[in-house]
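From first to last, the protein sequence lines are chains A and B.
The letter at position 70 of the first sequence is residue 70 when you use the numbering used here, and the numbering goes up by one with no holes.
Just so we're on the same page, the numbering used here is the position in the second sequence counted from 1, plus 1000.
Since the hints were made in silico from the structure, they are not lab data.
Careful, some of the hints might be misleading.
[Said to hold, decoys possible] Just so you have them, the derived chain B footprint on chain A, three or more residues with Cβ under 8 Å:
id, stretch
1, 39-52
2, 65-75
3, 135-146
4, 203-212
[Unchecked claim] Lysine-lysine pairs mimicking DSBU-like chemistry, simulated, CA-CA at most 30 Å apart:
id, chain 1, residue 1, chain 2, residue 2
5, A, K65, B, K1163
6, B, K1214, B, K1138
7, B, K1064, B, K1081
8, A, K61, B, K1161
9, A, K2, B, K1231
10, B, K1231, B, K1163
11, B, K1161, A, K65
12, B, K1163, B, K1138
13, A, K65, B, K1231
14, B, K1214, A, K2
15, B, K1214, A, K61
16, A, K2, B, K1320
17, B, K1320, B, K1231
[Stated by the list, open to error] With the C-beta cut set under 8 Å, the calculated list includes, among others, these residues of chain B facing chain A:
id, residue
18, D1030
19, D1031
20, E1106
21, F1109
22, I1127
23, D1175
24, L1183
25, F1236
26, G1251
27, A1269
28, F1297
29, E1309
30, F1312
31, S1315
32, Q1323
33, S1327
Backbone N, C-alpha and C fix where the C-beta goes; we use that ideal spot for every residue, glycine too.
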Amino acid sequence: MKRNIPLVFAFVAGMLVILAEFIPHRPFNQIVSTLEGWFMIISGFAILLGQISLIRMNSNKIRHKLPDWQYSLAGLISFALMLIVGLLWGMQETHGILGEGLGIQAALGAKPFDYLFTNALLPLSSTLFSLLAFFIASAAYRAFIFRSFESNLLMITAVIVIIGRTSLGSMLTAGLPESLQFWHIPNLADFIMEYPNSAAQRAILVSAGLGIVGSSLRIILGIERSYLGGD
Amino acid sequence: MRKCMLFLAFVFLSTSVFANVFIAKDCPCDDGTAIDLSWETCPLTEYVTIYRMNDDSKWEEIAKINQSSGTYKDSELEINKEYHYRLQVHFIDDDLFFEASAITIEQWFNTNKLGFLVILLLICFAIIYYIIAAQRGKEFFIRRISGLDSMEEAIGRATEKGKPILFVPGISDLDNIETIASLTILSQLAEKSAEYGTELIVPCRFSMVLSAAKEVVQEAYIRAGRADAYKADNIFYLTDDQFGFVAGIDGIMLREQPAANFFLGSFYAESLILAETGFSTGAIQTAGTAQAHQLPFFVVSCDYTLIGEELFAASAYLSKNPQQLGSLKGHDFGKIVIIILIIAGVILEILGYGFLKEFIVGAVS
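Let the sequences and hints guide you as you build the complete structure.
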């Protein structure tokens, strides 16, 4: 019973969503938005599970003084601080328990929650995102090392695209006659991106689409059950 | 005779050049909330204004368009209601008015999506056919997927080193099919790690994924007969914030030094940050996603990469269940259908026949 009821739900919901794709008549046209609404409501309640997991895991680390427990303490303090200032003075247009906090707003220039979000969380996120530039350089270095025919091909293609996207590319082959414009590096880079690159990406997307159809069908028909915990 | 000819020429010109048509039609294939308006007026038209009669029987302006001929879709209307429209055609020194009306009707089938339905049914029937054939004992050849074959090797390595395995089920919520596919793989991985007695760490970005992952891993440990080895605290929530989540996982990789990392699911800008950090720790890495833009990053930084459909095939492939393996054969049939359609479409377009393209393109319009 514990396994069969979710399977019935999966079948009914799956079939309804498929039917709704082709039937614009009521009530089918409202099914998807209704189900999405249900999902949002369930997610809203499930957030509590996440918070409990976060508090329990970090407080366990602190209580047992496990290695690097200081990070857990910092995490919990940050969590509590954002929660408290959000509850007390609200955020953006929402009111808090103590109202708008106009005095604090005058001092900080924004509500405390928004101030912390803009001046602490966003810079931290941006810092992490900016690391991507260095990681791209190290990954590209490894990918472009001469090893095999494929890696050589990759390197030559990448060099053409990289140079073609800069002013150097335009400068290098600026003197080419009209009849050889295809070999002008920016044109060559555009060609690579527009044809071979797009073709490969679309092939991956088409095969992924087929995989999604197959995977969904297995779930709807109840053949695939491991997502429920069973086999 | 000459006068007669001049008169006929005048009549011809006035009916062809200055022909004015204004039509209102219920939008076909919709939920009965839109009306299509089309007009064709003489080229001397400066612009047209479209009015709709409101409930107080007053004309309300809904659009002003600088086209002598064109179409306009009036949407967000009430179902099964008659609407009256007026087209005001503006010339340099004069205006003309036309009126038309139509009733909104909700349809039972979106014929624009007929092509999509036919292809979907064809692929679904093929998958079901192969599943039934597999049930009857027919064996199919399924090509090897090295990324999945290596799973045991990765777990073995982690066991030998006495280090944990890290499994990241992507950064999307449970409503994403990639996350579901990821959890099906987690089930197989958790069972194997339970058999080997290796610790499995699963950080989650969303609470829904957390509760599903906990259930999946716990059941896998029970299946392996190692319910006692299951540690609920190893499957935990980090944060909903994308880069906060990445920072958390990077920290785990650097502190815990997992021997094997699995990044399976939906990934975006954080894919390379995760994979490169994992690479720097020397872990054996397997990644898989259907996000075409992230695949190159995984290919460069990971030992094995599941490309697109391989992620969705993984659970069937690992389970060795004949029914599920049969469904993989259905995917191959779908690929053949797509290849035939592409070749036929290219040939027909070159020959000047556009019906196949229209049939398929109708599916997305």
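Quick check on F1109(B) please, does its C-beta sit within 8 Å of some C-beta on chain A? holds, 6 Å
Pair hint outcome, K1161(B) versus K65(A) [Cα-Cα no greater than 30 Å]: holds, 25 Å
Against chain A, with CB atoms and a cut of 8 Å, does the hint on D1030(B) hold up? Since the shortest Cβ distance to chain A is 5 Å, the answer is holds.
Satisfaction of hint between K1231(B) and K65(A), Cα-Cα up to 30 Å: Distance of about 19 Å is within 30 Å: holds.
Is the interface hint satisfied for S1315(B)? The criterion is a beta-carbon contact with chain A at less than 8 Å. Because about 6 Å separates S1315(B) from the closest Cβ in chain A, which is inside the 8 Å limit, the hint holds.
Hint check, F1236(B) versus chain A [nearest Cβ-Cβ separation less than 8 Å]: holds, 5 Å
Minimum beta-carbon distance criterion (8 Å), G1251(B) to chain A: The hint holds - G1251(B) has a Cβ within 8 Å of chain A, the shortest such distance being about 7 Å.
Could you grab the alpha-carbon distance between K1064(B) and K1081(B) and see if it respects the 30 Å cut-off? holds, 24 Å
Check whether the Cα positions of K1214(B) and K61(A) lie no farther apart than 30 Å. Distance of about 20 Å is within 30 Å: holds.
Against chain A, run the beta carbon of F1297(B) and see if the smallest gap drops under 8 Å. Holds, because the Cβ-Cβ distance from F1297(B) to chain A comes to roughly 7 Å (cut-off 8 Å).
Closest C-beta approach of F1312(B) to chain A relative to 8 Å, hint status: holds, 3 Å
Verify the proposed pairing of K61(A) with K1161(B), using a straight-line Cα cut of 30 Å. holds, 24 Å
Of the numbered hints stated above, those contradicted by the structure are hints 6 and 12, listed in ascending order.
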